[in-house]
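These protein sequence lines map, in sequence, to chains A and B. Heads up, the first sequence is in the numbering used here, so the first residue is 1 and it goes up one at a time. Heads up, the second sequence is in the numbering used here, so the first residue is 1 and it goes up one at a time.
Derived from the structure by calculation, the hints contain no laboratory data. All C-beta atoms, glycine included, are put in the ideal place defined by N, C-alpha and C. Just to be clear, a hint being listed does not mean it is correct.
[Stated by the list, open to error] Among the chain A residues that face chain B by a calculated CB cut under 7 Å, a handful are:
(1) Met-1
(2) His-5
(3) Arg-8
(4) Arg-16
(5) Gln-23
(6) Gly-95
(7) Ser-96
(8) Val-99
(9) Leu-101
(10) Pro-104
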Amino acid sequence: MSPAHAARAFAAILTREFLRFVQQKERFFAALVRPLIWLVVFAAGFRATLGLSIIPPYQTYISYDVYVVPGLIGMIQLFNGMQSSLSMVYDREMGSMRVLLSTPLPRWFVLFSRMMAATFVSIIQIYAFVAIALALGTDVPLDGLLAMLPVLVLTGLTLSAIGMFLSSWIRQLENFAGIMNFVIFPMFFISSALYPLWRVKESSLWLFHACQWNPFTYIVEAIRFALYGQVNPDALAVVAATLAVFGAAAVMGYTPARGGPAAGRAG
Amino acid sequence: MDDLAMRAPLAVEGLSYAYGPKRALDQVGFSLAPARVTALLGPNGAGKTTLFSLVTGLFDSREGRIRIAGHDLRRERSRALSDLGIVFQAQTLDLDLTVERNLRYFAALRGLSRHEARGRIDVLLDQVGLADKRRQKVRHISGGQRRRVEVARALLDRPGLLLLDEPSTGLDIATRRWLVDEVHRLAREDGIAVLWATHLVDEVRTHDDLIVLEKGKVVARGEVDRVIREAEAADLDEAFTRLTSARLEEHL
Numbered sequence: 001m002s003p004a005h006a007a008r009a010f011a012a013i014l015t016r017e018f019l020r021f022v023q024q025k026e027r028f029f030a031a032l033v034r035p036l037i038w039l040v041v042f043a044a045g046f047r048a049t050l051g052l053s054i055i056p057p058y059q060t061y062i063s064y065d066v067y068v069v070p071g072l073i074g075m076i077q078l079f080n081g082m083q084s085s086l087s088m089v090y091d092r093e094m095g096s097m098r099v100l101l102s103t104p105l106p107r108w109f110v111l112f113s114r115m116m117a118a119t120f121v122s123i124i125q126i127y128a129f130v131a132i133a134l135a136l137g138t139d140v141p142l143d144g145l146l147a148m149l150p151v152l153v154l155t156g157l158t159l160s161a162i163g164m165f166l167s168s169w170i171r172q173l174e175n176f177a178g179i180m181n182f183v184i185f186p187m188f189f190i191s192s193a194l195y196p197l198w199r200v201k202e203s204s205l206w207l208f209h210a211c212q213w214n215p216f217t218y219i220v221e222a223i224r225f226a227l228y229g230q231v232n233p234d235a236l237a238v239v240a241a242t243l244a245v246f247g248a249a250a251v252m253g254y255t256p257a258r259g260g261p262a263a264g265r266a267g
Numbered sequence: 001m002d003d004l005a006m007r008a009p010l011a012v013e014g015l016s017y018a019y020g021p022k023r024a025l026d027q028v029g030f031s032l033a034p035a036r037v038t039a040l041l042g043p044n045g046a047g048k049t050t051l052f053s054l055v056t057g058l059f060d061s062r063e064g065r066i067r068i069a070g071h072d073l074r075r076e077r078s079r080a081l082s083d084l085g086i087v088f089q090a091q092t093l094d095l096d097l098t099v100e101r102n103l104r105y106f107a108a109l110r111g112l113s114r115h116e117a118r119g120r121i122d123v124l125l126d127q128v129g130l131a132d133k134r135r136q137k138v139r140h141i142s143g144g145q146r147r148r149v150e151v152a153r154a155l156l157d158r159p160g161l162l163l164l165d166e167p168s169t170g171l172d173i174a175t176r177r178w179l180v181d182e183v184h185r186l187a188r189e190d191g192i193a194v195l196w197a198t199h200l201v202d203e204v205r206t207h208d209d210l211i212v213l214e215k216g217k218v219v220a221r222g223e224v225d226r227v228i229r230e231a232e233a234a235d236l237d238e239a240f241t242r243l244t245s246a247r248l249e250e251h252l
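In isolation and in its complexed conformation, chain A is listed as follows:
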């Protein structure tokens, strides 16, 4: 694989994902409405009941809608990672994954490009969501928007890697309802996305520990700190380690020596 070949293939995979995303307007709409409902409805209800003290990275008292924005950004990437994994399953059945895997490109490169493509699409959705949140009056720090970008690449890749891993190893999750129940909901609710961990600890110790073991907690915290121009090294380290583990497992899952579930059904 020459550098020129790699660059062309990478650009092609990104372009294809982008064009598919543009074609599927419902997908974009759903991806925006989902976090907005949380922001508008859920946050409005919670604002009254949940008092938030000053915890890093915040320097003042914040309202609940401000607290929940990083969690909802994480949610966009979570859905995207899982959706792209589902599209891998779909691709597999439609055969276009076979086309991709039988090109003279290293397998890890093909999978990495697909993960980057999914991340790229999630980032477009995130900035669209933030723009609407700002328009609705939620206080999002403007200077944090750019600082957040590299972290979003990392977190997006990590969630895509988890999705890719699932698509290659677990056949039972071949429908989105299964992914919702067993992956998205637990990851989202058992994390710091909706409530700060000290709050969780007050009400349930086991839930607090479960949150501590959930990589999504660190994804949300990495995004939260980046949005406020700060670095959370612990969170970034956990996210990077998660990416390494799931990325490697996904590449193994799509390696033909295993008889590759990714290779589709042979007969």
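Following the hints, position chain B against chain A.
Leaving out everything else, chain B in the frame of chain A:
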């Protein structure tokens, strides 16, 4: 492996593969000659798709060896696959993208520059008779036209070896006829080695090469005429029935 097989467009040696306890391929060996159409004939479940999955690098088997244009698929995967064009059995185009977008996507995956890609796409769309459809979404063209696009796509990178996995499934008679004629023309004029998997005897021409696969084993190979003669049959249909049912009886 002798010198001839080393240079063959495709050489397979001692290839076996199993899905758990079920043996799908058992010591399969053959090599293809350039500029020839070879029919891989076998009933459903004979192992044709498994063989294709192995040759295209989707599966890997530790038993046996595959060489494409002399490159070992396991050790020089990229070089081996770069000489391979494939038409899969299932439809593999992006329905929401145009014909041209689909081809450009694939050309980039194969490493063609934008300029090269444009040239090849012009030539190939003319060749398959779809120059006027290039800006149409694949969703809006017929099944036969989609298959033509897939043939064009397989040829973008000028492969020396073209694999087609039951490519006539679900096609109308005119497209089927076109496809058979086209692969023979490609072999004759461009020197491409074609491996065509099918379970339909009437898609095989008398001067083609033939490999008969049955329950994961090669039960006959050679020129069609020779296979018929050796099976002591009147025609290929009879030879095929004899070759595949003889083995069936052995199993019973």
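Going through the hints against the structure:
no.	hint	verdict
1	Met-1	holds, 6 Å
2	His-5	holds, 3 Å
3	Arg-8	holds, 4 Å
4	Arg-16	holds, 5 Å
5	Gln-23	holds, 4 Å
6	Gly-95	holds, 4 Å
7	Ser-96	holds, 5 Å
8	Val-99	holds, 5 Å
9	Leu-101	holds, 6 Å
10	Pro-104	holds, 4 Å
When each numbered hint is compared with the structure, no violation occurs for any of them.
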